[in-house]
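A.B. asks: Here the sequence shown stands for residues 1421 to 1718, numbered as in the numbering used here.
Source of the hints: derived by calculation from the structure; they are not laboratory data.
Don't take every hint at face value.
Derived SDA-like pairs: lysine to any residue, alpha-carbon spacing no greater than 20 Å straight-line [as the list claims (entries may be wrong)]:
#, residue 1, residue 2
1, 1521, 1642
2, 1473, 1601
3, 1521, 1549
4, 1598, 1536
5, 1708, 1601
6, 1541, 1526
7, 1473, 1697
8, 1541, 1684
9, 1708, 1552
10, 1521, 1700
11, 1521, 1580
12, 1444, 1576
None of the values given here were measured: they were computed from a predicted structure.
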Amino acid sequence: MGGVTSLLIALAALLWATDALFRKPLTQDLSAWAIVFAEHALALVFVIPILIKSWRRAVALTARQWGAVLFIGVAASALATVAFTASFSYVSPSVSILLQKIQPLFTLVLALVWLGERLPKYFWGWAVAALVGGYFVSFPEIIPQLSLYQSGAIGVMLALVAALLWGSATVFGRFLLKDLSFPLVTALRFIVALPVLGIILGYYNGFSAFSTISVRDIWFLIIIMLGPGFGAMYLYYKGLAVTKASVSAILELTWPLAAVVLNWIFLKETLTLWQIFGGLVLTGSIAKITVWRRDRVG
1421 MGGVTSLLIA
1431 LAALLWATDA
1441 LFRKPLTQDL
1451 SAWAIVFAEH
1461 ALALVFVIPI
1471 LIKSWRRAVA
1481 LTARQWGAVL
1491 FIGVAASALA
1501 TVAFTASFSY
1511 VSPSVSILLQ
1521 KIQPLFTLVL
1531 ALVWLGERLP
1541 KYFWGWAVAA
1551 LVGGYFVSFP
1561 EIIPQLSLYQ
1571 SGAIGVMLAL
1581 VAALLWGSAT
1591 VFGRFLLKDL
1601 SFPLVTALRF
1611 IVALPVLGII
1621 LGYYNGFSAF
1631 STISVRDIWF
1641 LIIIMLGPGF
1651 GAMYLYYKGL
1661 AVTKASVSAI
1671 LELTWPLAAV
1681 VLNWIFLKET
1691 LTLWQIFGGL
1701 VLTGSIAKIT
1711 VWRRDRVG
């Protein structure tokens, strides 16, 4: 059962892979702060019932647990998502997605320090293979866009900030799931981020953008919330509850793999031999890691 549940992380990553298809067009009409605020506000439809049901548990959190909640809410759900969204205005989504592959580096180091996880020696071989496979999946797309690293230095920095915060949030989320249910962790992540986003958006007078929002933009925001937003996070935390943070970091590499496939289908970009090779290596490594049930739990 644990192996099946942990695959929900890969499913969440598949939903994340669809994010750029809707988030990129939104950046033409709305600021990154406005997009992420609207995404979190729409999620209140699901968040409020969860908090009402679990309010006694929520108010009983320890100081250390609240610290983790504040980090995943403010740093990961709010700031990282804004940074990732804003990076689309400076570099292509492919560049941003490639840079997210460094998330496992942050996650692995922090998991050892914060959670005290100990991994079997053979884990590292498959982890490296997954990282190499993930690199080859996106490398052909990035080669002709290397100049973006000079003209889009701000976009690269924003993508790296998102990778650092999201990678670290994986560990703090795993820490919270030792004592809290995954619906409550998901709800706390969104509810804590919302006021922070609202204050910043209000400071920059960003609410005025919603007065001219189009019907298409509204639908795209709803899709993002239900799919790669709240929906993906709900599945992600359910899987993370039975999966080591370090293992989940590798499973999340399904995201760039799926993103390349979506580019092939919807943007008519064919896969090169290197991408196919990288995809096979990445998929095989993820499949191998999911069978280590003993090493995933607690």
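A.B. asks: Now tell me if each hint is right for this structure.
C.D. replies: Hints, verified against the model:
1. 1521 x 1642: violated (27 Å)
2. 1473 x 1601: holds (12 Å)
3. 1521 x 1549: holds (13 Å)
4. 1598 x 1536: This hinted pair holds, its Cα atoms lying about 13 Å apart.
5. 1708 x 1601: violated (27 Å)
6. 1541 x 1526: holds (19 Å)
7. 1473 x 1697: Violated, at roughly 47 Å.
8. 1541 x 1684: Distance of about 36 Å is beyond 20 Å: violated.
9. 1708 x 1552: holds (15 Å)
10. 1521 x 1700: Answer holds: residue 1521 to residue 1700 is near 17 Å, not above 20 Å.
11. 1521 x 1580: holds (10 Å)
12. 1444 x 1576: Answer holds: residue 1444 to residue 1576 is near 16 Å, not above 20 Å.
Comparing the model with each numbered hint stated earlier shows that hints 1, 5, 7, 8 do not hold.
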